[in-house]
Amino acid sequence: MKAFTYLTPGSAEEAVGLLGQHGPQAQVIAGGQSLLLAMKTRTARPSALVSLAGVDDLAGVRLAASGELVVGATTTYAALSRAPLTGWHTEIAAVAGNLADRPVRTMGTIGGALCDAGPRYDMLTLVTGTGARLEVLGPSGVRTLSPGEFFAPGGGTTLAADEILAAIRFPAADAFTRVVFAKFRQRTFDAALASVLCAARPGNGGVQITVGAVRPVPVVATAADPEAVAAEVLDAAGGPPLVQYQRELVRTLTAQTLSTVNGS
Amino acid sequence: MTQTPHRPAEHTTRPRGRLVGQSVPRKEDLALLTGTARFIDDIKLPGMVYAKILRSEVAHARIRSVEVAAARKMPGVLDVLCGADLVGKVKPWGDMMQDLLVGDHTPFAVDKVLYEGQELAAVAAQTKYQALDALEAIELDLEELPAYVDPEEAIKPDAALIQEGITYEFGDGNIFDRYKLRVGDIEAAEAEAAAVVRQRFSTNRQAGAALDPHGCVASFDSFTRELTVYSSTQSIYMVRDVLADVLQIPRNKVRVIVPEVGAGFGSKAQIFPYEVIASIFSMRLGRPVHLVLGRKEIFQSGTARNSQIRYAELMCDRDGHITGYRDYTVHNCGAMSVWGNQVLHIGTNVGMLPYAIPNIRVDGNIVHTNTAPGGALRGFGIPQFIWVKEQLVDMAAAELGLDPLEMRARNVIRPESFPFRTPMGQVIDSTTVYDCLHKSAAAIGWTETKANPVPYEGLGLAVSMKYTSCRHPSFDTDLSAVRLRLETDGTVTIYSSDVTHGQAHATMLAQIVADGLGVGFEKITLARPDSVTSPFGLGTYASRGAAVLGTACRLATERLREKVLAIAAHVLEANADDLDIGDDRVFVKGLPDSGLYLEILASLAAYRTHQLPPGFEPTMEAIATYDTPTEREGPDGTGNLSVTYSAAAHAARVRVDPGTGLIRVVDYAMAHDTGVVINPLVVEGQHQGGFLMGLGMVLGEDYVYDDEGHLTNASFKDYLAPTSTDVPELTKIYELPAPSLTIPGGQKGAGESGTGPVPAAVGNAVFDATGVRFTSLPITPQQMLLALREKDRRGLATFRYPDDMPGFTGPREPQDWPEPLLPDDMGFDWDNFEDEL
Ligand SMILES: Cc1cc2nc3c(=O)[nH]c(=O)nc-3n(C[C@H](O)[C@H](O)[C@H](O)COP(=O)(O)OP(=O)(O)OC[C@H]3O[C@@H](n4cnc5c(N)ncnc54)[C@H](O)[C@@H]3O)c2cc1C
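Heads up: the sequence lines are chains A and B, in that order.
Numbering of the first sequence is given in the numbering used here, commencing with residue 1 and proceeding in unit increments.
Numbering of the second sequence is given in the numbering used here, commencing with residue 1001 and proceeding in unit increments.
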């Protein structure tokens, strides 16, 4: 670890201001679960850390008048997993409660995962597959991005150095009749080697399948059966053993999630 | 005071053990569970400074220059060292353990980098962060060379030399040592065999992964010229003697002390460069120097299990009796290795058990590659060899149409009388391995499940024996020592240099002393190993604690007891034979409610010496050293290297998910014959931990190198060690008593027997579940699933991974196997060595 200045703003606007003031060497810290690991090995070397821990209005879960579920960026997995949600929103809590280990869930935040944008993280697949909107706060105010705009195509995010993610707006509880997420990891506490989300729209809206963890950012499939989804996301055949394996996993997980979605 | 000869077991007339044999709660746990135990990183000495090591980021390179001038000028920097600074000033090491003519280990790489993570330079500074900053200011000019990751590439005749400038007595090129084993007549066995199964097997590199990091604090006193080293090590005298030799200072001027050691598993059973570097800094600065490694450094430059490739053949008669074993082994020790060659010798010798195979031929090449140093790790070569041999047994059983349980039952040692000497030379002084085999098989429902198989579920068996301590081929010693002192308040202090680091020595030794001396368990304390106060002993490794150290403790207890009784007899004007000890006092037999308290007797010896028997030497100390009655390895590789052997028969039930390849061990049974168990709670813990390490070896752990020799998974995030959720309920752990006849108290080693059979038992179960025979380790979900798909695609009933995969480049069939690469001039004719000697 390198020496750094630790800053504790009381509001989101102040946080943005501090980021601007300290320049691109300043970095936001939320739960620190990714960032501290990178700092320990000196792969991340921020000169200043802007902590969001004291910014109360960035944490918490509420329903907007529109029915959208607004999750503050610094809401921890632990809090999210215990939130009293209804309809397909319960799947958000279920995903938050079934990743990493207890200490990481206690400290780690949904915003931290999305801004860190680890390709194998579950929240990327969840926001992409449900078409959530991401509220970003910068010096000139709030802009709301789709996942496709928030994540850079080659991995990472499009956030500017003086912007923070403020909240995630998930579609209303009646936007989907059912959402099912499934993933595979070798050990319980590992990040996913492949993940699939199936979201069923009401009426004849159909089922949308999203595949995560196998590309730099999650891919929304146009195909509808497991074989074709796997081929669309990872080519039909060939590739190194890991890719061959992920293709099999995508098939298995797609079949599994589809049958759960259709089965009820 | 050394006690070598075989001692009969009937030396005591008192009823055996009140505490020995009981699950006494561990004395160690209070400090561990309340967070008050002090590990190496907790040591803080006045004036202490911090050192950090610059390690190579490339695996193989010629060093053009290491420029440290800028680092010296960095804030807080006190001293900087690199390889060139120490040439001719410190002595290389590693010769004694490896039986080499010269040492091949130095504190820093000098001319050449041999593996990623090797030490290049080091900085001592006021703070850790200043030391790390200064490392970044060191400029390196390295000429990168192609790296050898695959040992079979490294031994090709045209391969470039990794270790240059060292002439090996038995080696040649990147082969630095050779191993030969000859028993009976293997050609005749092959000619007469009803079945011969042949397969190439390979194994993985596994980390010790002790959670407490490797590290030390060195403190040199400029006035007394004494160097004190606190080190997280398994052996204080191994560190002291080698360190003093490396620094060329007297051994009584080096003091090695251990803090709490949070496990080692073999990975801390040697000296490391950081101990030398911290000592040199401290001697130059006259200040204590803290040098504790990070996890990445430990992965890269600690020691890892040696991997092996074995071209193996097993011969059987029509009834399934094993008549011969032959293999050619390529044994990968990494770029350098203090213990690596011994792993092949001992692991192969003892790994032949629990079978008494009459005809054996093994040729091994012990090889350097540009990878992390190989070393001791729980099982010491036995898990690798059992992985091979126990899968061959299943393959032979299939060929002969025999049930794998029945095949093993016909082969495990079950002599009419003990001790029994095998053709390999091992003296088996007791075993219930036959019963263990049946016990474990029954516990997972072997017969019922075989009759009604479940798709994608399978059962597997494996048996092994683990040595209890060992006379190493390179080391003609196998001793431990205990000194006891009855203090003047009736408490007892135990001094031993064998470091307890999970084995509960404080508890186990106190149980022995309490029983022998009649002292309350709570009054007995184990002093911390310290080379200034502890008697000389080899250390804690090789499952030697209970049997070897325990025997030394038992002997010392008897000696102290004689002294106590002699004083009491004098004071009471009684005959010592009429006295007994218990409840902290000496009493006349039959009158346990009266008597003289031990504290009174001990104070007489200290403060009232006129009341002692005439001529009595006034000391209440007793010391005993126990060296095992073991043999040296013979020139043909045979011999009884171990004082006794612990059998393990394991049975696994696995379930494979055909959609993801995930393998779960859903049920597991272990039956052992650990002899007289001093503390069942401790031994059960050892078996559970042993199993867990075997599970990691078979289902996930490995050092994953890229072609340039970069270790790509050097963190606990990427290194797939099992976690709690991967472990099945381990309730089926059985001890089937078979007390050692050689060890006076009947104990055997417990620390490693739980590991040996695990990879093979799981491998056999995976084959039973899927028809896929894994010949390489570890078995990952990815490999499992791709193998299943390829097997289905080709419509095969059975399949080998990786041998039958399209991309496999190694030799697939025995006719393609390499000939053992052997020189013509090994000094003498190995096949007719008897004539020649
Ligand atoms: C052992 C372990 C296991 C894990 N397993 C899983 C798993 O199974 N599935 C999974 O999905 N994830 C897993 N993770 C990753 C985990 O989800 C993330 O580490 C965590 O959510 C990051 O959140 P944080 O609040 O700790 O972020 P921090 O570490 O504080 O920050 C991460 C990055 O995001 C930036 N950042 C944080 N918040 C904001 C914000 N509001 N605006 C702008 N930038 C911001 C920081 O500057 C930093 O660059 C695991 C992590 C660990 C350590």
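Fair warning: there could be bad hints in the mix.
[Unchecked claim] To give an idea of the interface, some chain A residues facing chain B are shown, with a C-beta separation under 8 Å as derived from the structure: (1) ALA3; (2) THR5; (3) LEU7; (4) PHE189.
[Claimed, not checked] Under the rule of at most 27 Å between Cα atoms (straight-line distance), these lysine-lysine pairs were calculated in the BS3-like manner: (5) LYS1073/B with LYS40/A; (6) LYS1128/B with LYS1156/B; (7) LYS1180/B with LYS2/A; (8) LYS1044/B with LYS1112/B; (9) LYS1523/B with LYS1589/B; (10) LYS1717/B with LYS40/A; (11) LYS1156/B with LYS40/A; (12) LYS1091/B with LYS2/A; (13) LYS1717/B with LYS2/A; (14) LYS1732/B with LYS1450/B; (15) LYS1717/B with LYS1732/B; (16) LYS1128/B with LYS1523/B; (17) LYS40/A with LYS1296/B; (18) LYS1156/B with LYS1180/B.
[What the hints assert, rightly or not] To spell it out: a stretch of chain A is covered by chain B in this simulated footprint if at least three of its residues, at any positions, have a beta carbon under 8 Å from a beta carbon of chain B; those stretches are: (19) 23-29; (20) 176-187.
Calculated from the structure, these hints are not laboratory results.
Note that the Cβ used here is the ideal one computed from N, Cα and C, for glycine as well.
Comparing the hints with the structure gives:
{"no.": "1", "hint": "ALA3", "verdict": "holds (6 Å)"}
{"no.": "2", "hint": "THR5", "verdict": "violated (15 Å)"}
{"no.": "3", "hint": "LEU7", "verdict": "violated (20 Å)"}
{"no.": "4", "hint": "PHE189", "verdict": "holds (6 Å)"}
{"no.": "5", "hint": "LYS1073/B with LYS40/A", "verdict": "holds (24 Å)"}
{"no.": "6", "hint": "LYS1128/B with LYS1156/B", "verdict": "violated (44 Å)"}
{"no.": "7", "hint": "LYS1180/B with LYS2/A", "verdict": "violated (53 Å)"}
{"no.": "8", "hint": "LYS1044/B with LYS1112/B", "verdict": "violated (35 Å)"}
{"no.": "9", "hint": "LYS1523/B with LYS1589/B", "verdict": "holds (23 Å)"}
{"no.": "10", "hint": "LYS1717/B with LYS40/A", "verdict": "holds (14 Å)"}
{"no.": "11", "hint": "LYS1156/B with LYS40/A", "verdict": "violated (41 Å)"}
{"no.": "12", "hint": "LYS1091/B with LYS2/A", "verdict": "violated (36 Å)"}
{"no.": "13", "hint": "LYS1717/B with LYS2/A", "verdict": "holds (22 Å)"}
{"no.": "14", "hint": "LYS1732/B with LYS1450/B", "verdict": "holds (19 Å)"}
{"no.": "15", "hint": "LYS1717/B with LYS1732/B", "verdict": "violated (31 Å)"}
{"no.": "16", "hint": "LYS1128/B with LYS1523/B", "verdict": "violated (41 Å)"}
{"no.": "17", "hint": "LYS40/A with LYS1296/B", "verdict": "holds (11 Å)"}
{"no.": "18", "hint": "LYS1156/B with LYS1180/B", "verdict": "holds (20 Å)"}
{"no.": "19", "hint": "23-29", "verdict": "violated (count 0)"}
{"no.": "20", "hint": "176-187", "verdict": "holds (count 3)"}
The structure fails to meet hints 2, 3, 6, 7, 8, 11, 12, 15, 16 and 19 from the earlier list, while all remaining hints are met.
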